[in-house]
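> The opening residue of the first sequence carries number 1082 in my numbering; numbering runs sequentially from there.
Keep in mind that the hints were calculated from the coordinates and are not lab data.
No residue lacks a Cβ here, since even glycine has one placed at the ideal position from N, Cα and C.
Check before you lean on any hint, since a few could be wrong.
16 Å max Cα-Cα, derived EDC-like pairs, lysine to aspartate or glutamate [claimed, not checked]:
hint: 1; residue 1: 1256; residue 2: 1266
hint: 2; residue 1: 1366; residue 2: 1346
hint: 3; residue 1: 1562; residue 2: 1621
hint: 4; residue 1: 1584; residue 2: 1266
hint: 5; residue 1: 1597; residue 2: 1620
hint: 6; residue 1: 1550; residue 2: 1490
hint: 7; residue 1: 1374; residue 2: 1389
hint: 8; residue 1: 1597; residue 2: 1585
hint: 9; residue 1: 1512; residue 2: 1532
hint: 10; residue 1: 1374; residue 2: 1434
hint: 11; residue 1: 1574; residue 2: 1601
hint: 12; residue 1: 1512; residue 2: 1621
hint: 13; residue 1: 1302; residue 2: 1389
hint: 14; residue 1: 1169; residue 2: 1495
hint: 15; residue 1: 1361; residue 2: 1346
hint: 16; residue 1: 1087; residue 2: 1173
hint: 17; residue 1: 1196; residue 2: 1229
hint: 18; residue 1: 1087; residue 2: 1111
hint: 19; residue 1: 1318; residue 2: 1389
hint: 20; residue 1: 1088; residue 2: 1103
hint: 21; residue 1: 1574; residue 2: 1229
hint: 22; residue 1: 1188; residue 2: 1581
hint: 23; residue 1: 1196; residue 2: 1406
hint: 24; residue 1: 1584; residue 2: 1153
hint: 25; residue 1: 1651; residue 2: 1490
hint: 26; residue 1: 1378; residue 2: 1424
hint: 27; residue 1: 1574; residue 2: 1194
hint: 28; residue 1: 1091; residue 2: 1139
hint: 29; residue 1: 1413; residue 2: 1194
hint: 30; residue 1: 1169; residue 2: 1185
hint: 31; residue 1: 1377; residue 2: 1365
Quick list of simulated restraints, FRET-style, between CB atoms [claimed, not checked]:
hint: 32; residue 1: 1325; residue 2: 1110; range: 47 to 57 Å
hint: 33; residue 1: 1491; residue 2: 1183; range: 25 to 35 Å
hint: 34; residue 1: 1158; residue 2: 1532; range: 22 to 32 Å
hint: 35; residue 1: 1138; residue 2: 1105; range: 12 to 22 Å
hint: 36; residue 1: 1128; residue 2: 1420; range: 36 to 46 Å
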Amino acid sequence: MKEEIKKLIKNALKNLNLSQIEFTIEHPTDFSHGDYAVNVAIVGAKEAGKNPQELASDIKAELENNLPETIEKVEIAGPGFLNFFLSKKFFENALKRVVNEENEYGKNTRLKDQKIIFEYTDLNPFKSFHIGHLMPNAIGEALARLAEANGAEVKRANYQGDIGLHVAKAIWGMKQNLSALPKDDDSLTEKVDFLGSSYSFGASQYEKDEEAKNEIVEINKKLFAKSDNELNELYKKGKEWSLQSFEILYRVLGTTFDYYLFESETADIGKKIVEEGLEKGIFEKSEEAIVYKGEKKGLHTRVFLTSEGLPTYEAKDLGLARMKDDKFDYDKSVIITANEQKEYFKVVFAAMEEMMPEIREKTEHITFGLLQLSSGKMSSRLGNVITASSLIADVVKKVKEKMSGRDFDEDFKDLVALAVTVGAIKYSILKQTPGKNIVFDFEKSISFEGDSGPYLQYTHTRALSVLEKAKGLSLVDLNVKQPSDWQVTNLEKILYQMPEVIKDSFEDRGPQKLVKYLIEVSAEFNSFYGNQKIVDENDEHSAYRVVITHAVATIIKNGLYILGIPVPSKM
RNA sequence: GCUCCCGUAGUUCAAUGGAUAGAACAGGGGACUUCUAAGCCUCUGAUGUAGGUUCGAUUCCUGCCGGGAGCACCA
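Please work from the sequences and hints to get the whole structure.
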């Protein structure tokens, strides 16, 4: 529709010999200003040598020569906006479209030849999966699904730091407490807790105790060389436990990765790239380390190979880029990390630009904000973390209390409680612009009311329940015609916008746009629901209201899916 | 010190340079007891500060104030 209006205006401008004017089309915030507002007369006033009102009425006259049946009228308002009001016919067709497309509604094929790889979550084995990691997972998954909804072929990659000093710290910690090493048949929770405390002990001793530090550095070298069997054994166990526990959470959160990439694999490739670059003069030797001088591009210097000859994270990231390109010949690679790595990536990209410009060109870095506890900074190094699984358990408990009145059997209740929990947590992350910090407070951040995930889920189940009732009374006819005396509702005035939202939400890398849209649809529906009885045998408008309800359910369901939020059938 | 990000109701968040700055929570008031009250209706309440650009600035530019992050062998 937007395109159609654009065309109409361009035609009108052409007839007025003003075709060079640029303009924007948007939805006014207030329905009284119509369904689409165009600023062409304001922007073009100067060029046309007329005041905005005059120009607006000229354009309006031009438009009215040839108005399609989807547009009811055009009005001039405010400082010279042209407001387009869509016709009842348009809304009837739009509703039909939702109902016909069902699960496909909202999607498009704009990116159908695009292959995009998303890298997110990036957990480090041996460290815990804490609530901070929920951010990249929620955002990355939503962006990946948005890309799919725009027609792209998507792969999901998880890049994990399975080698390096942090691992050595954890292994050192494990060694100090071998008697407590969990056995194979111990629970995964015990194993993971053991790793967590080993890591934080190792990390703290590394800073406090010179001797421990030396031992850890030594372990790090041996791990790289795989030269010590005892260490290799501990490493193998620890890594396996970590990955197992992560996998359980991915499943709960709804992410399935296509690639698991490890630093232990990218290290050699990265090192080779840096060595090549050194010969070409792109990297330089400085104090025995190999560095990239970012200063030549207004950035700072970073070390790519240590004086010991070991590749740093920087070098590994170069190796990773090449590796991803080899695995999946992508058109775009999107990396999602914390915003504290913004400057870091600028330097890595600058080096990449010189070493492999074709890859740099198709790589994009998106950041998410820090999740800070109201009680202070959280770090697995200090051990004061809230793990993702403990948060989930706490929220599940709260949800179940809320569900105590429901007459569901226990298994189903568990299922629903988990879905609502994941919905509440993910929503609290997705509702805001990625990149900004979140101050996390359990009571305030996890909400079940109002602007929340459960509100959307609840609205959906409520719509289903209305449809259920309608079905019982045989009042469901999805092909029913719009009643002749039908007054178009506010709800219908937003239902048709979903495809535009899906497009914008991905283009702007902003899942919060889709979130906001779904909230608007839900709020309008709840209002609609409260205003009148939807299903009413004695009301000839009832059948049409049922179709609208069906469309609402479809939109929320599809929208939640794209956000990566589960959709319970009852709650 | 240098670089980057952020300052919006009491609180947590929205707002491609557009019309009267939206929600939610908290607080005040209310309705129905009918399809799920995790709901609905209603009221109160905000752009850190000083300039600039613009027909129009929360949005762009500059200074100041306040908060956060990054800046050499960690990831």
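> Check each numbered hint against the structure and report the violated ones by number, ascending.
Those not satisfied are hints 1, 2, 4, 5, 6, 7, 12, 14, 15, 16, 18, 19, 21, 24, 27 and 30.
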